[in-house]
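K.L.:
Sequence:
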Amino acid sequence: MESGPKGLRLSCSTMSTIHYPKVVTYEVCIHPEGAPFPNAGFFEATFKKRFPSASMSILDIAMQPEALKKKLEQAEVLVTSPADLTRMMDYIPNVKWVQLTYAGYDPLTNYLKQTSNFPKIKITRMGGVFGVRMAEYVLGYIIAHERNFEGMREQQKCQRWNYEKFKTYRELSELTIAIIGAGDIGCQVAKYCKSVGMRTIGVVTRERRPRERSEFIDEYRLTSDVLDVCGECDVLCNLLPSSPDTIDFYKEECFRSCKKKPLFINVGRGDAVKSETVIKALRNGWISGAVLDVFNQEPLPEDSELWNTPGVTITPHNSGITTEKEMVDLFTTNYERFIRGEDMKYEIDLAKLMAKNRDS
1 MESGPKGLRL SCSTMSTIHY PKVVTYEVCI HPEGAPFPNA GFFEATFKKR FPSASMSILD
61 IAMQPEALKK KLEQAEVLVT SPADLTRMMD YIPNVKWVQL TYAGYDPLTN YLKQTSNFPK
121 IKITRMGGVF GVRMAEYVLG YIIAHERNFE GMREQQKCQR WNYEKFKTYR ELSELTIAII
181 GAGDIGCQVA KYCKSVGMRT IGVVTRERRP RERSEFIDEY RLTSDVLDVC GECDVLCNLL
241 PSSPDTIDFY KEECFRSCKK KPLFINVGRG DAVKSETVIK ALRNGWISGA VLDVFNQEPL
301 PEDSELWNTP GVTITPHNSG ITTEKEMVDL FTTNYERFIR GEDMKYEIDL AKLMAKNRDS
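For the sequence shown, full-length UniProt numbering assigns the number 360 to the last residue and increments by one with no breaks.
Derived from the structure by calculation, the hints contain no laboratory data. All figures in this text were calculated on a predicted structure; none of them were measured in a lab. It is possible that some hints are incorrect.
[Claimed, not checked] Each computed SDA-like pair below joins lysine to any residue, with the alpha-carbon atoms no more than 25 Å apart: (1) K48 to E326; (2) K48 to R125; (3) K259 to L139; (4) K49 to E76; (5) K274 to G104; (6) K280 to E253; (7) K251 to N296; (8) K345 to A103; (9) K352 to I247; (10) K356 to D248; (11) K96 to I121; (12) K325 to A54; (13) K259 to T309; (14) K69 to P21; (15) K22 to T333; (16) K356 to D225; (17) K120 to E336; (18) K274 to T313.
Let's have the full structure, built from the sequences with the hints guiding it.
P.N.:
Spelled out as C-alpha cells, the structure:
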C-alpha cells in the first residue's frame, strides 16, 4: 500500500492507474513579482513531498531556447505568469491546465481579444490569500488620512508644535466607505472597516441573494448607481478587476459627484482610472486625497505627473503580496483536484471572458 494525495491509501494496482500530469514552471515565475524566492527549491520540494510519483521541471530562463521549447512541449500542467503564458501559447500543445501566479490576468484578457482560436485548457489564478493584507492596507491609509499623519511628519521636520492644526479630526465610526467591487477581498476590507464602526457600502455588478451577502456590508448597491454612491461616501475604494466593463470606470463625472470629498484608494486595477482624471479630481477638490497601489504602467514611469501631485500617495503594488508557501499550497490543492477530475479553486471562466471581449 502507498499513500496517494492527502494520505489516501491506495493499492499498487490502483496506483498504477493514476496519471500524474507533468508539471513545468520557470523558476522566475514562481514569484509573483518575477524574481526567484529566497529558497528556489521550496516549490518543487513541497510539491514532490506531497506527490512523490509526480514529475516537475523548474526551468531556468537562461536555458537555450530550443531546450526550453522541448521542455514546454512535454508539459501537461504549467505554472507561470499571465504575461509569460501569452508568450508560450505556441509551445504548449499538451498543456491541459495552467496555474497563474497572479490574481489578476490582464495580459491574458488582452491576448483573448486578439484570438478566436484559444485552446480548450483550464486556467486558474491565485486567490484567497490577499484579503487580510489588503484590508490592513486600506484601513491603515484611512487612519493615516483622517489623522493627517503625513502633515504631522512634516511639522516634525520643521520642529514645530502645532496643536491647533491637528486637534480636529473625525472618528472612523463617522465615516462611510464605498467598496467598488465587493467580492472576497472587498468583504474582507468591509470586515476591517466595520470593526472600527464604519458604515460600509458594497458596490457589485449584479444583485446579491441573501445567502451571497456579507454580514460586514451594510448595504449593497449596483455599479449602475455609482454616481449616487460617490455622493455618499467618505472613502472611495476601488477593488474592481480588469475587464472590458471596468476600463476607465472612474470618469470625471464620478469624481464630480463626490459631495464629501472622499479619500480615493485604488488597490484594484490601474486601468480603472486614468492618471489625468485623478490629478484633475485632486486639483478641483472633488477628492481629498488619492492612495494608489496600481497603475496603467508598472513600474510607474519616473516622468509621471502623479509623483509630484499634492495629495497623491504612491505605493509599489504591494498592498497584497503572495508568499511562496501560499502559492505552493494552492497549487498542490488544485493539482490534487485536477487529477481527481474535480473543480479547482479560482478557475477563470474563459468562455465568459471571451464573450465579454466579443461584445466590447
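K.L.:
Each of the hints needs a verdict: does it hold here or not?
P.N.:
Structure-based check of each hint:
1. Our distance criterion of 25 Å between C-alpha atoms is met by K48 and E326, whose separation comes to about 16 Å.
2. Distance hint between K48 and R125 is fulfilled; the C-alpha atoms sit about 21 Å from each other, no more than 25 Å.
3. Among the hinted pairs, K259 with L139 is consistent with the structure: their alpha-carbon atoms are about 22 Å apart, no more than 25 Å.
4. Distance check on the hinted pair: K49 and E76 sit about 20 Å apart at the alpha-carbon level, within 25 Å; holds.
5. A threshold of 25 Å between alpha carbons decides the hint, and for K274 with G104 the separation of about 18 Å falls inside it, so the pair holds.
6. Restraint check for K280 and E253: satisfied, since their Cα atoms lie roughly 11 Å apart, inside the 25 Å limit.
7. The hinted pair formed by K251 and N296 meets the criterion: a straight-line CA distance of about 15 Å does not exceed 25 Å.
8. Our distance criterion of 25 Å between C-alpha atoms is met by K345 and A103, whose separation comes to about 12 Å.
9. A threshold of 25 Å between alpha carbons decides the hint, and for K352 with I247 the separation of about 17 Å falls inside it, so the pair holds.
10. Between K356 and D248 the CA atoms are separated by roughly 16 Å; this keeps the pair inside 25 Å, and the hint holds.
11. Distance check on the hinted pair: K96 and I121 sit about 5 Å apart at the alpha-carbon level, within 25 Å; holds.
12. Note on K325 and A54: the hinted pairing holds, with a Cα-Cα distance of about 19 Å set against a maximum of 25 Å.
13. A threshold of 25 Å between alpha carbons decides the hint, and for K259 with T309 the separation of about 22 Å falls inside it, so the pair holds.
14. Among the hinted pairs, K69 with P21 is consistent with the structure: their alpha-carbon atoms are about 18 Å apart, no more than 25 Å.
15. Of the supplied pair hints, the one linking K22 and T333 holds, its CA atoms being roughly 16 Å apart against a limit of 25 Å.
16. Only pairs whose Cα atoms come within 25 Å are accepted, and K356 paired with D225 is accepted, the gap being roughly 21 Å.
17. A C-alpha spacing of about 20 Å is found between K120 and E336, which places the hinted pair at or below 25 Å, so the restraint holds.
18. A distance of roughly 15 Å separates the Cα atoms of K274 and T313; the hinted pair therefore holds under the 25 Å criterion.
Consistency with the previously given hints is maintained throughout, with no hint failing.
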